[in-house]
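Visitor: Sequence:
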Amino acid sequence: EAVKEIKKSITPDEESFYSSFAEYLESDLEECTKAIPLGGNKFGDKWGTPDVLGIYKFSETDPIRPPIEMISAEIKTDTNQLITAFGQACSYKLFSHKVYLVVPKDAERDIGRLESLCSRFGIGLILFDRSNSKSPDFEIRTRAIKSEPDYFYVNDYLRKLGEESKKLF
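Numbers in the working numbering are just positions in the sequence shown, counted from 1, shifted up by 73.
Quick caveat, the hints were computed from the structure, so don't treat them as lab data.
Don't take every hint at face value.
Unchecked claim - No farther apart than 35 Å at their CA atoms in a straight line, the calculated lysine-lysine pairs in the DSBU-like style are these:
1. K178 with K240
2. K219 with K239
3. K240 with K130
4. K207 with K219
5. K233 with K166
6. K115 with K239
7. K166 with K240
8. K107 with K178
9. K239 with K178
10. K233 with K219
11. K115 with K219
12. K207 with K166
13. K233 with K107
14. K240 with K115
15. K107 with K219
16. K166 with K219
17. K207 with K178
18. K130 with K166
19. K239 with K107
20. K239 with K130
21. K130 with K219
22. K107 with K130
23. K130 with K207
24. K115 with K207
25. K240 with K219
26. K207 with K233
27. K233 with K178
28. K115 with K178
29. K233 with K115
30. K207 with K240
31. K239 with K207
32. K166 with K107
33. K115 with K130
Let the hints inform the model, and build the full structure from the sequences given.
Guide: Okay, structure coming up:
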């Protein structure tokens with residue numbers, strides 16, 4: 074019990090990974106042209122707010138420009154909250170074209186099951202080192218599969234973002 078408390082006290086806060094994961098979505102995975110850390114309860118409802126929200130927008134110079142894609146991510150540092158995290162990620166599919174679940178690498182006994190569930194639901198799975206917020210070493214296990222969101226909720230949640238949505242567009 075004491076070891077768990079010590080380990081918990083040295084694990085960085087979940088929020089300390091939001092910005093680096095937003096950067097990872099843009100630079101490494103190239104899933105987003107712009108991504109911002111959100112978290113908290115910005116959407117103000119029980120369905121939750123993604124920890125990171127991004128968009129993929131084709132260039133104005135591209136001859137064919139599909140609609141803008143929304144990408145959401147749920148990050149968990151607490152390995153006791155993985156079922157909750159998966160449920161949150163599922164709910165983000167309502168307003169996102171792609172969703173990623175980001176969990177600690179040291180959740181060994183649950184990763185196989187999570188990977189299988191993520192594959193079945195089209196959710197991307199990313200592993201990371203929760204002990205190092207400066208260099209979390211994100212590692213993709215399963216890429217998110219694009220699906221059509223419900224555009225009523227896309228617009229609803231973008232309105233709820235207010236001024237923050239301007240950072241994306």
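Visitor: Is the straight-line distance between the alpha-carbon of K115 and that of K178 35 Å or less?
Guide: Holds. K115 to K178 sits at ~28 Å (cutoff 35 Å).
Visitor: Holds or violated: K115 with K219, Cα cutoff 35 Å?
Guide: holds (24 Å)
Visitor: Straight-line Cα separation of K115 and K239 no greater than 35 Å?
Guide: holds (15 Å)
Visitor: Run the distance test for K130 versus K207: straight-line Cα separation, threshold 35 Å.
Guide: Given that 35 Å is the threshold and the Cα spacing comes to 28 Å, the pair holds.
Visitor: Taking 35 Å as the top limit, are the C-alpha atoms of K166 and K240 close enough?
Guide: holds (21 Å)
Visitor: Taken at face value, is the distance from the CA of K166 to the CA of K207 at most 35 Å?
Guide: holds (29 Å)
Visitor: Holds or violated: K239 with K207, Cα cutoff 35 Å?
Guide: With Cα atoms ~27 Å apart, K239 and K207 stay inside 35 Å; holds.
Visitor: Mind checking the alpha carbons of K239 and K107 for me, to see if they're no more than 35 Å apart?
Guide: holds (11 Å)
Visitor: Would the hint linking K107 and K130 be met if the CA-CA limit is 35 Å?
Guide: Since the Cα atoms of K107 and K130 sit roughly 8 Å apart, the hinted pair holds (cutoff 35 Å).
Visitor: Compare the distance between the alpha carbons of K233 and K115 with 35 Å, and conclude whether the hinted pair is satisfied.
Guide: holds (7 Å)
Visitor: Holds or violated: K233 and K219, Cα atoms, limit 35 Å.
Guide: holds (23 Å)
Visitor: Taking only the CA atoms, is the gap from K233 to K166 under or equal to 35 Å?
Guide: Cα-Cα ~17 Å, so holds.
In the structure shown, no violation is registered for any of the earlier numbered hints.
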